[in-house]
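Engineer: Sequence:
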Amino acid sequence: MNITTWNVNSLKVRLPQVLEWLDRENPDILCLQETKVPDDQFPVVPFQEKGYQPIFSGQPTYNGVAILSKQPANQVENAFPSWEDVHRRFLSAVIGGVRIVNIYVPNGQDLDSPKFPYKLEWLSQLQTYMKQFNAERDPVLLLGDFNIVSGDLDTWDPEGMKDQIFLSEPERSRLQSFFDLGYRDLFRMKHPDLREFSWWDYRMGSFHRNHGLRIDLILASKPLAARCEWVQIGREARKNERPSDHAPVTACFTE
DNA sequence: ATGACCTTGTATCAAGGA
1 MNITTWNVNS LKVRLPQVLE WLDRENPDIL CLQETKVPDD QFPVVPFQEK GYQPIFSGQP
61 TYNGVAILSK QPANQVENAF PSWEDVHRRF LSAVIGGVRI VNIYVPNGQD LDSPKFPYKL
121 EWLSQLQTYM KQFNAERDPV LLLGDFNIVS GDLDTWDPEG MKDQIFLSEP ERSRLQSFFD
181 LGYRDLFRMK HPDLREFSWW DYRMGSFHRN HGLRIDLILA SKPLAARCEW VQIGREARKN
241 ERPSDHAPVT ACFTE
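Under this note's numbering, the first residue of the first sequence is numbered 1, with each subsequent residue one higher.
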């Protein structure tokens, strides 16, 4: 089984690239973030024609998440049960016996921004949601755009970003809480020493200079981590004409 | 350099992103 997470930064603009990418890569599940598509405008038919069943939770202009899968999605949730979010950033479903939790974590902007406490609250709500699963036994994947840099290997500029947004202690301790529950960061598990990124700023020739961050993560519970064969960041997609600023990240599991 | 680039919605610019 292959599963990919990809922040596409507008599904309307990126739809041809996503369809072409599906033809080439043929994953079983594709989790999207920043679709920026209201539900009544989601491009259901093009994905169905490729053999994928879409579920989605969108809004105009900002945010929006979707899951495309060859197998049907069950037990779909598009919001935290106990907390009303103002944004569409969360989509959870059981597909092929695996609980898939697709997230688009708030950016936070700056440590002194009013958006920063919202980011921390959002992560705390996610932590509460994830506690219902047993990471030691249940097959669960928590994946998406985390907007958090896990460690110094995950940024091109660890010194410049030290204690700043994405690397601050409250953000990293909330990411750590998922590791404490038993989840593994599959890319880091497979590549303990690799400095590879999944996002590059559109500005300043960042991609060309490889000034990037690894913020798109696939976290797996114990039984799934044990079945993980490989993890790959598809940086080729960042070379497309009109690319997303994020690259797709794919994990492959044995059956 | 409080910038740079890209997307959206509205409007001919501002907000948001990371």
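Among the hints, erroneous ones may be present.
Stated by the list, open to error - SDA-like, lysine to any residue: derived pairs with alpha carbons at most 20 Å apart:
no. : residue 1 : residue 2
1   : 12        : 222
2   : 239       : 189
3   : 70        : 131
4   : 131       : 162
5   : 162       : 195
6   : 222       : 1
Claimed, not checked - Pair ranges (Cβ atoms, derived):
no. : residue 1 : residue 2 : range
7   : 156       : 75        : 36 to 42 Å
8   : 138       : 176       : 40 to 46 Å
9   : 173       : 210       : 39 to 45 Å
10  : 230       : 85        : 46 to 52 Å
11  : 169       : 191       : 21 to 27 Å
12  : 80        : 138       : 34 to 40 Å
13  : 74        : 117       : 30 to 36 Å
14  : 230       : 156       : 37 to 43 Å
15  : 173       : 230       : 27 to 33 Å
Note that these hints are calculated values from the structure, not bench results.
Bear in mind that the values here come from a model prediction, so they are computed numbers and not experimental data.
Cβ atoms here follow ideal geometry from the backbone N, Cα and C, with glycine treated the same way.
Engineer: Indicate, hint by hint, whether the structure satisfies it.
Structural biologist: Against the structure, the hints:
1. 12 x 222: Violated, at roughly 36 Å.
2. 239 x 189: It is violated: about 27 Å lies between the C-alpha atoms, which goes past 20 Å.
3. 70 x 131: Between residue 70 and residue 131 the Cα gap is close to 28 Å, so the pair fails against 20 Å, i.e. violated.
4. 131 x 162: violated (30 Å)
5. 162 x 195: holds (17 Å)
6. 222 x 1: With a Cα-Cα distance of about 16 Å, the restraint between residue 222 and residue 1 holds, given a limit of 20 Å.
7. 156 x 75: 36 to 42 Å: holds (39 Å)
8. 138 x 176: 40 to 46 Å: violated (20 Å)
9. 173 x 210: 39 to 45 Å: violated (28 Å)
10. 230 x 85: 46 to 52 Å: violated (33 Å)
11. 169 x 191: 21 to 27 Å: holds (25 Å)
12. 80 x 138: 34 to 40 Å: violated (18 Å)
13. 74 x 117: 30 to 36 Å: Because 34 Å falls inside the window, the suggested range holds.
14. 230 x 156: 37 to 43 Å: Violated, at about 24 Å.
15. 173 x 230: 27 to 33 Å: holds (29 Å)
The structure is inconsistent with the numbered hints 1, 2, 3, 4, 8, 9, 10, 12, 14, although it conforms to all the rest.
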